[in-house]
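Visitor: I would like the entire structure built from these sequences, with the hints used as guidance.
2 protein chains.
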Amino acid sequence: MEVVIIGLGLIGGSFAKGIKRLHPNATLIGIDTNNDHLTEALEIGFIDAKGDTNALKTADMVVVSIPVDVMVKQLPAILDAVKEDCVVFDAGSTKTLICNTIANHPKRRNFLAAHPIAGTEFSGPSAAFDGLYDGKTNIICEVEKTTFKLQERALKLFQDLGMRIRYMNPEAHDKHIAYVSHLSHISAFMLGKTVIEEEKNEHDIFDMAGSGFESTVRLAKSSPDMWTPIFKQNKDNVLKSLEEYIKNLESFKEMISENDFEGIYNQMNNTNRIKQILKGIPLTKTLD
Amino acid sequence: MEVVIIGLGLIGGSFAKGIKRLHPNATLIGIDTNNDHLTEALEIGFIDAKGDTNALKTADMVVVSIPVDVMVKQLPAILDAVKEDCVVFDAGSTKTLICNTIANHPKRRNFLAAHPIAGTEFSGPSAAFDGLYDGKTNIICEVEKTTFKLQERALKLFQDLGMRIRYMNPEAHDKHIAYVSHLSHISAFMLGKTVIEEEKNEHDIFDMAGSGFESTVRLAKSSPDMWTPIFKQNKDNVLKSLEEYIKNLESFKEMISENDFEGIYNQMNNTNRIKQILKGIPLTKTLD
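Chains Z and D supply the protein sequences, listed in that same order. Residue numbers for the first sequence follow the working numbering, so the first one is 8 and each next one is one higher. Residue numbers for the second sequence follow the working numbering, so the first one is 8 and each next one is one higher.
Errors might be hidden in some of the hints.
It does not matter which identical chain is meant; a pair holds if it fits inside one copy or across any two.
As the list claims (entries may be wrong) - List time: in silico BS3-like cross-link candidates among lysine-lysine, alpha-carbon distance up to 27 angstroms:
hint, residue 1, residue 2
1, K239, K286
2, K156, K282
3, K57, K260
4, K282, K228
5, K282, K207
6, K143, K282
The hints are simulated quantities; they were obtained by calculation from the structure and are not laboratory data.
Guide: Encoded structure:
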């Protein structure tokens, strides 16, 4: 099997490492506009060779793990280049624009739209690790638009990597992911900004920061190159979620301001349900 | 040594476990208004006996780890009850009101105001563990108002538990802790609330939530009994930090709305400095 990985960061690199373990005889070719990343990936050993678009002609599988703005520009040409029985899948955090971009492409049936909900706040080839996808959810969009045999090839890989597969349409994906992922990033970035601004002249104050702050602000370490185009492509949903978040913060502020500490208590108490939610226990109790 | 622990939750229980390890011959007496917690603490074994205020008369050390609203009510009576050479320290997340409350108490010099920056999102005796304080910061306020010998006894314990000691005045503590701790909790609670509200009819959406959401929302599991009085006592500082946070979120929203993605990129890029900050590397580079 010949596999081409386009984009050798955390996501692409972790796919490469998993594929190397599962298919020791596969040949992995790396493509990246950053030549340092190519060299690093080769040194780490998760690709066998540096390649260019010529490698696409004979590939059996192409993993496209590049920022979503570059994705919509490159994806049509990638599909143009691949052979009939090659499956191309992406890992982008937005799905509507990507699916729309190649909706009428002659090789639409070679493409599977995927969003593995996996990552860390680190990036680049050195951040990649085998096991990143184990136990994680992979959202697949418009699965019916992909040739059956090629669906199977990609889905088999996801299952072998230990992923749980979920199917959604691109619009629903983008709407919900704004809440459970994109908003968290903005919340963390703005928390980091607020604290850095306040404490700019008192650096030792961060000695006071505990694991709670560290956890809440963790996503503010994320890559702006990756996240700027995500917010751009999912603008409407992100704005809506942000508006509701700000509204809730404003109302919490009002309650503190007006000494409504019973209200404060009740809101926190209700939100404690997040414990059960994160454990995967249903929100509402059923009778049996 | 006789030690009385008032409040047998995560904080008090973790002190008790550490003291038991460091001083195997110490007698630990537990006091808690929740009788189930008393029984649980006795079963876990981090206290030797249930006690009441009588136990204070002979205690050499009293750890007060109760919500800060109860603290300001109880602390004067606790100090009334202890003997001349007993040290009483607290672990409250606010310091100004606590210090003011006992400022003129005849036994002021028996009290050491402390805030160990340590905790998890869990509470109660079962959440307590030895090691919670290892490597953590402990903020001490108005250390000069405590008898030297009693300062020493408490500080020795903190050092033996592996804590880094920092000295501040209560007002500075409350101002800065609003940013590096209290604001994180509000940010997380409101993120949890926003997502639960949006997704109330679509529970399986939480399958889409990854470790990023989990990390950012983690503090929304915290106890409202503990946090409501903290926000009340630190109202002015909390309101100020919340105002600045909301202002930053509003401006980020504006930039997305107006397609100023260069601005979005720059804000995230600047905030990436949080990586270095959390690693303890100075914010600004010096020449040598």
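Visitor: Any of the earlier hints contradicted here, and which numbers?
Guide: 1, 2, 3
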